[in-house]
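> Kindly produce the complete structure, drawing on both the sequences and the hints.
Chains A and B are the protein sequences, given in the same order. Following our numbering, the numbering of the first sequence begins with 1253 at its first residue and continues without gaps. Following our numbering, the numbering of the second sequence begins with 1253 at its first residue and continues without gaps.
None of the hints are false.
Any copy, or any two copies together, can satisfy a pair, since identical chains are not distinguished.
Below, in silico cross-link-like pairs of lysine-lysine (DSS-like), each with a Cα-Cα straight-line distance of 25 Å or less: (1) K1267 x K1355; (2) K1282 x K1330; (3) K1303 x K1425; (4) K1267 x K1282.
Hints were generated in silico from the structure; no laboratory data involved.
2 protein chains.
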Amino acid sequence: MKVKVGISNRHVHLKQSDLDILFGKNLTIKNKINQPGQFASNETVTIKTDKSEINNVRVLGPVRNYTQIEISKTDAYKLGLNPPVRTSGDLEDSEVVTIIGPKGSIKTNGCIIADRHLHITYQDKERYNMPDKILVKIGGIKPGVVEVNVKASEEAYFEIHLDTDDANAFLLKNDDEVEIM
Amino acid sequence: MKVKVGISNRHVHLKQSDLDILFGKNLTIKNKINQPGQFASNETVTIKTDKSEINNVRVLGPVRNYTQIEISKTDAYKLGLNPPVRTSGDLEDSEVVTIIGPKGSIKTNGCIIADRHLHITYQDKERYNMPDKILVKIGGIKPGVVEVNVKASEEAYFEIHLDTDDANAFLLKNDDEVEIM
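See below:
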């Protein structure tokens, strides 16, 4: 079965109280993304640690119940962090960073490396008899196979999310097709 | 069969005439690397393009018959380049960059993304009946399989060379073990 990949660059999700401190206003929509109800906002922040900082990190909306910073391992080396690989919302042992916005800054945990995951509806997961982990074949000049977690939800746009390290290792671009084995 | 990985960060090989322009002196050994006769030098350069630049890029020695700049896809995005994936020394269609040293600078082609490769002696390649491409299984929290080119030579230290994008995608460190399938 073929499926398209979406490449996740580093980004931030914010809870309302952190959004208030950083921006003092609500998020504004830059463009919708494939997952239902989700969007890239016009707002960006700086992520700072004792070692370094990364500017222009996009905030994704809408606000969530938790603040989460998703970076790549490459970013983690630059920032001097060792974040765990986690599914969204699982912030146990996540790393602490300072987030700087135009109106204020916060120091918060919540920094993770996102796991490789497939978005799928509960209905389709059952229909395709999909296990909780799948192997996905990637073609091209630097081919291979990666293990991907299956993340089912009520509403979902069927696609695999990989971070920029995975994308760059396999020379993948947004909307490239890969194959579920 | 298990084999260790060596992670190649971005680096430069120089021909003598380019070394003369950039440094006006011979390379000095910082530390030997695993491949016979090869070393990391104390010398570093800046790689520059119209879009951006990367400082502190290590020069590996000894000098070669060609100048070659090996970067990752992540580096390539930063520099605004689209280098081909190539085996060392195959510089057809390679990208052009400016290399800046303490004594001078050169504008040269030779910028590539190195292919994933296994170093092995001709003797061992024959003994193990090794094909020209192998599949290599990587464990850990973000597991998978990658295709690797087998690069045989008279003298070789048995190890797989991956770049930092591959390493970071699979959370690999220098000397981690992977498995030839």
